[in-house]
Structures are given as C-alpha cells and as structure tokens.
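Peer 1: For the record, the sequence lines run as chains A and B.
Using the numbering used here, read the first sequence as starting at 126 and increasing by one per residue.
Using the numbering used here, read the second sequence as starting at 126 and increasing by one per residue.
Derived from the structure by calculation, the hints contain no laboratory data.
Wrong hints could be hidden among the right ones.
To spell it out: a stretch of chain A is covered by chain B in this simulated footprint if at least three of its residues, at any positions, have a beta carbon under 8 angstroms from a beta carbon of chain B; those stretches are [stated by the list, open to error]:
no. : region
1   : 219 to 227
2   : 309 to 318
Some but not every residue of chain B turned toward chain A, in silico, with C-beta under 7 angstroms [what the hints assert, rightly or not]:
no. : residue
3   : L306
4   : L318
5   : G321
6   : E411
7   : G462
8   : A555
Ideal placement from N, C-alpha and C gives every residue a C-beta, glycine not left out.
Below, each chain spelled out in residue letters.
Protein chains: 2
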Amino acid sequence: MLNPADDRLAASLPEGVLRPVTPAYLDEPRGRYRGQAGLVAAPRSTDEVAAIVCACADARVGIVTRGGGTGLVGGQVMSDGPAPLVLSLERMTALRGIWPEENVLVAEAGMTLQAVRDAANGAGRLFPLSLASQGTAAIGGCLATNAGGVTALRYGTARALCLGIEAVLPDGSVVHDLKRLRKDNTGYDIRDLMIGAEGTLGIITAASLKLVVPPPNVGTAMLEVPGPDAALSLLALAEGHMAGGVTAFELIGGQGLAFLAETLPEIRQPLPNSQWSVLIEVGLPEGMSSDTALEGLLTEAMERGLITDGVIAQSGQQAAGFWHLREHIPEANRRIGAVASHDISLPLSEIAGFIRDAGVALAARSDVRINCFGHLGDGNLHFNLFPAGGRNRAEYDDQRKDLSLMVHEMVVARGGSFSAEHGVGRLKVAELERWGDPARLAAMRAIKSALDPLGIMNPGAVLSPARG
Amino acid sequence: MLNPADDRLAASLPEGVLRPVTPAYLDEPRGRYRGQAGLVAAPRSTDEVAAIVCACADARVGIVTRGGGTGLVGGQVMSDGPAPLVLSLERMTALRGIWPEENVLVAEAGMTLQAVRDAANGAGRLFPLSLASQGTAAIGGCLATNAGGVTALRYGTARALCLGIEAVLPDGSVVHDLKRLRKDNTGYDIRDLMIGAEGTLGIITAASLKLVVPPPNVGTAMLEVPGPDAALSLLALAEGHMAGGVTAFELIGGQGLAFLAETLPEIRQPLPNSQWSVLIEVGLPEGMSSDTALEGLLTEAMERGLITDGVIAQSGQQAAGFWHLREHIPEANRRIGAVASHDISLPLSEIAGFIRDAGVALAARSDVRINCFGHLGDGNLHFNLFPAGGRNRAEYDDQRKDLSLMVHEMVVARGGSFSAEHGVGRLKVAELERWGDPARLAAMRAIKSALDPLGIMNPGAVLSPARG
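Bound conformation, chain A alone (with noise of 0.2 angstroms):
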C-alpha cells in the first residue's frame, strides 16, 4: 500500500476484487516503464468495474487499465504521480454471444485475441484482426488502442471490427450499446471515441465484433522485389487483378531477415537473402484457384521488373511457416536490442522517398542499422534503429532522442504519422503535443475535462495530465 488513502479505497471495494501487487501487473515489453500500483483489483462483471470507477472518483485515485498488458507505448504502466489502481480484466473472459448467421460475436474485454479468434472460427467464422501478440493480448485492450496488424489492409483496423462496446464512463456509468447492427445513426459515435482513446474517457468492457466468412481459397507467397518502389506497384497490380482479395501485404527488409538468422536460426527463411521482401495472401472466391492467380500475378510481375525471385506456398504448412517468418520479427529484433523505434504511417507515395531519404540522414549522423518492414499496404512502416554490428544499445542513450526527433520530422513532413498503429500511450505524448493539430488536440482536451472532470482515467496517458 503506497498511500493510506488506499486503505480506504481497498475496503470500499466489491469483495474479493483485490489481487496482490505483482511485477506482472506493472511492466512492459519493451522494458521502457515501470509501473506502480496501489492496488490491483479483478473485476468479474461490469456492475464491478463500475463499483470501482465509482469508488476510485470518491478517493480521487487514478485508474490504469490492463488487458494483456502488450501494448508497446507504456499505456498500461504508470510510472509517475500518485499510485493508481491497475485495473485488470483478467477475470471478464467471457464470450457472451456468437451469431454466426449474422456474423457477430459478442466477447468480454479480456478475453484474448486469439481466443475470439478461435471462438470465430469453431462457428465456421473469421475474426480477422490478427497481431504477433495476440495469444496475449486482449481485446478490450486492442480496442482501447484501435490495433491494426496484418489484415487491416482489407478488413481495417480494431475499429472496422467493432459494432458496439459496452464501457464504464469516469463517472462509473455504463454505456449499453452492444448493437449487433450494421448501421445505427443515432447519435454521436462515442464508441469509437471510446476506441482508441487508451483507457483515459473510460474502461471498455464488452465488444460487439464483426465476424466474416473466411474465403474459400487463401494463397500466400513470399516475393523478392527490387525495393520499396516495386513493392508498392506490385501491391497495385495485386489489387488490380484481385478485386479487394488482397488481405495482407507486408514489407520484410533484408536487415530483418539477417536479425533472425542471427536470433532464431532455427526458423526457415525461403529467400535469405533478399534486400527486400514482400508477403502477401490472398483470399478468393469459390472456383478460383489461389495458386493460379497468384502465378498469373508473378508472371505479370516479373515481366514488368516487380520481382525478382519468389515462392508460393504449396501447402497450409508452408504458408504458415511464411508467417511463422513475418510475426518473429519482433522477437529477433527484441533478441537484438533497439536503439529506437518508430511506429509511422506515411501517404503511399511517400513511403519510397522516405526510406531513401531517412536511410541517407541516419548513416550520416550514426552507425546504427535500419529494420525497415511493416503493414506496406496501410502505408504502415516499423522503421527501427539497431546499434551497429559489435556495439550495443546503451552506447546510443545519448543519440536516441535526437535519432528519434530526426526521424519522425521526416515523416511529419511528408504528411505521416508518428504513431500508426500502436497509440501514444506514456511514450508518445510529446510528441502528440509538439505535431498535433492545435484545434485537434483542444479538442480532445475538452472531451477529456467534460467526461473525465476528475481526471482518473489513465492518468498522463495520451494526454499530459498538468494540461489534461
């Protein structure tokens, strides 16, 4: 117990919520933040989630809210100010609901990813968000941080996926709009303002998501392409000839396939030694073959310079193993150590023009190396910085923030994003405040004070809380 106000607060809870302080409930992947905590309560139903918002505003105590703690931008780990109450859905992993026939599904917030996808597909149904951590992540969490991932190119991010929540307001009220709806034009869209505000207007306590018919032919290949360039052409001529049947189209640089040779020998690597890469899948309709119109799409390809050399699976396995590839690049680059990263979105026709440019500004102020791969067909690039071969990641402490701004100014100033996919969180806030849009983020400030008045809600996340 941090304070004796948590005394309080501990006996004013539902019984039998509180869970001991373990370091599980207080770190992060990337080791960045740690966190704190006063306390850490397991609600198991919303009237108890709603209990503790309520009691947390009578001891003005902050609230962080944790799903399966993943999250790459220090959201869910509050290291600073007053300790708060982690708030974990570990206990609401309930699916309350499948309609296949209406391709719903209707899942409690902490219940996995990987376990709505499973729930999904054991009804003969896709959910198709899909992230390397989704084993762990929950999706009340990938909700409250809008996830993208591999297949946002066709099916969208977290918030194409989402029909309706049910959340608990900062002022322990709850919001009962699990619509299993398509449309439904009444009103202010505060579900997706719930979306992707992090846990700081409110908790995210059931979803409502939308299912989809898994296509009936799916074809994967991993293709080598002479740059950035053709790979974006490529992508044009894939979609061109698939009819929106291109679900996923992600960009491998060579430096990515050498980290995993490096970290994970064991994982097998089809074209070691391409300078750049691409994996693409594509999901047919009934009576057309995948294998033929993906040979059709090479062969164009190769014609017009596109690729240079590629394989397409010939079996379930062998796609799966191509994918096995894709998602353990996080891991090797873990395994390596990062200097920085950096999450940006940038206009497609930008994206060439950026990895040129900013590969030429970085080598002339550090020897670090570039892991440039990432969502391609969203525009989404993880444009990560590695000490050189030999040295490692501590000898960058005092170059990491002038590398960072470096690169970030680059993307802002080809009408990027520096945050495409993993949110703000802790990490980004600066950030936010220094590129983002003034009447945009008075905007949110106003939402923040008129919902949130007592500012309990994930504190100093997104928003700086002096200001918030």
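The hints should help you fit chain B onto chain A, whose structure is shown.
Peer 2: Below, chain B without anything else, positioned relative to chain A:
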C-alpha cells in the same frame, strides 16, 4: 431579416458571402418541415467558414449548415426558435487533389457525391458510396450524416470511407486533419465524432476520402425469393462463395414494384409479379467470370429452394436498368405519399420475424399498405407505410404517431435501431431521448456542452436544445 441582431451580424461577415434568403434554402425533401433563416451565407473558403462561425458565436446566432439539402430527417431545416444563419456549402466544391496511386481523393464539403464519384472514375478509381440522391447530396452532408446507401455491405458507410477531415469547430478554430493515411493512432477520434454529428459539433469543410480499385468483373442479377428468410440464406450462400465479393444485396418488396408500376410505368420490371425479390451485385477478381459465378450461385440457390426465378443482367445497360428500378422506389413512394417512413436496422436473424410480426400487428390496427425494401445485407430496411388504395395520407394524420411508435417499439425490442442510416436530425430527437442509452446520451450532452457551449451549431438537431 428577422431580427435586428442580424443587421449587426451581416455587417460582421466576410464580404460577398451573403445570399438572398430563397425558399430553396429552407426546404427538405419530404415537406415535413419549413425552415427559416435570418441570413444565408455561402462562404468560398474554410477561412470564410471560420469567420462566419466566429461572427455567429459573437452574435449568439445559430448556424444551420446546408449541403445538398437531401437529408430525410430535418437536420438541414430549423423551423422553431430564433432564426439561424444558413451556411450553404454551395461554393466550396473544389477537388483539392487526387492521388490514384494512393487510392485517395481530397474534396471540399460542397462537392456533390456524384462529382466525387466522377472524379474518382476519371482516375480509374471508384468512390464506392452510392445513394439515390447522389447527384444533389454534398459529400460534406454525406459525412455529417454518415450516409449509408447500397454499397455499405462491402465498403462500409461514409465513415469507413473517410481518412481525414478539415472542420471548423464552434469556437471558429479549424481542425486540419486531411491526412492521406490508412492508419493514424494519435489520440481521440475527432474525425468520427464529427462524422454523424449532423452539424451539431462543427462544420466539415473538406475530407480525405478512400478510393478503391474497381473490381474487374461486375455482375448483377434480380432474383425472386420466397421471402426475407430465404433472401438472408441466399446472402449467406453468396458470401460463402464470393469471399467478400458481394457489393450490394437489396431487398425489394412486391408493394414497391406495384407502386413503381402505378407511378412510373415506363420503368421496365424484369420480375413484375414477385412478392419478394433481391437485387444482387458482385464484383470479382480478374480471370473470374461474374456470369459463371452468378450462374453457380443461382443453381445452388435454386436447388436449396432459396430462389424461384431470376435474371442475370446480360449487359451493363441491363444492369443499369435493374439499378434504375431500385433507385426509383423512393420516387415512387413520394408520388404515392407515405403515411410514415421508418429507416430501421435489425440484427440479421431478427429481420424475417420482424417483417412477419410487424405486418400482422399493423394489419390489426390499420389498413395501411407496407412497402418494405432496403439494404438487407446491412440489416437496414426502409419500412414505410402508405394509405390504402383510394385513400390519401391526410386521412391517416391521427394514426401516424401511433403506428410509428408501434413499429419502432417492435424494432427496439428486437435489438434494432430506429435510425439506421438517415440520422436523427429534428425528426427523431424524441426517439433518441426515449430509446437512447442514458449513459451514452449523457456523454453526448457533455461533449456537446464542451465543444459548443453557446449551443450555436445546428440548434435542436440530434439533442433537444433545452438540455443540450
């Protein structure tokens, strides 16, 4: 000029923006409301919009923003209270830019939806939003009301097709957020808050819009189905076959065909005697014949008893004829003259039961004729009531309110919405207060007060002004 304040207000506006107050600025398509205006202003630029908003804020004069004026719920006309300034976007019609290689277009808010579609088309792209009123409806109004239309099944509503906005807030500040990005998780979703707010939180002046590559093979068919249940099974079958390739799936009731035959006999009807029929459009990949795909679907559907007759369009002209029929149902309805119109949505599995039960309940209460049609794939029906043959709508004046209440109560009891795509406007303020979730309504009111403390933005729309 309706009150002296307007003289001072007029003098404070940018030069040359005033227009004569003509009836065209004061009407709405269904003739339920007659608007009023102290002044009409038609700004040429976002700066002029901001100046007008500042002047109105100073003078405490309400602003009713007007695009094409095609809204069906009275959001564009203010009948009661102090006369507002009508802000017409008719002079802000520029295409600010188009980036076909990025699938992005930036349009000013006064551009008609048709003009946006034409611009996309001219660059080999498709802007998928499609409404019967698209020749007149402004894109700003489509966004302000989150318009739906016939392609929402595949491409989503206006919200899903907007990447960013420029908007003037009630204090005259301008949100500059016309990013050409697919992913941008940098704070609260102010864009989606403005979308669907019907001009009550600010004025959208321009938007960055998502284009798509047109599907290479488009097929269209009209199919007679035994009933709504069979139609939904047909949709599920088609979605299973087509891997997201179903672009539109429209239900047409026999009463609608009869109204067309009566009021617009020149329109060719391929299945004139169908009690229920469906208009389906598919958009398929390269190398896949839409004829073959539709024939395969029809054969299987016929075997399962899901369709009883059908015509596959053999030419673009014939397909256009099917759409011409569908799009003239609202015009036929206008000529007959509705007693009451309902723009409802339901969970898909509730639709058939609702249509059956509502028909029985209405027949027990009245002799109205029901024309039920709409976007079945979205669960969105237009469930409109018309006078019995030989009677006229005025004879139903004393029934209208009760019948609508009965319909809406049955919809809400099944988890549906009383406004699927038209919005709340002024027509459904009481319905929103009655059936809206209380916590969500309270959040809406808090946001309205925070962003528009003077209450000058479209007063009386969406939220009642007394509590707004």
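Peer 1: Going through the numbered hints above, which ones does this structure break? Give me the numbers in ascending order.
Peer 2: Those not satisfied are hints 7, 8.
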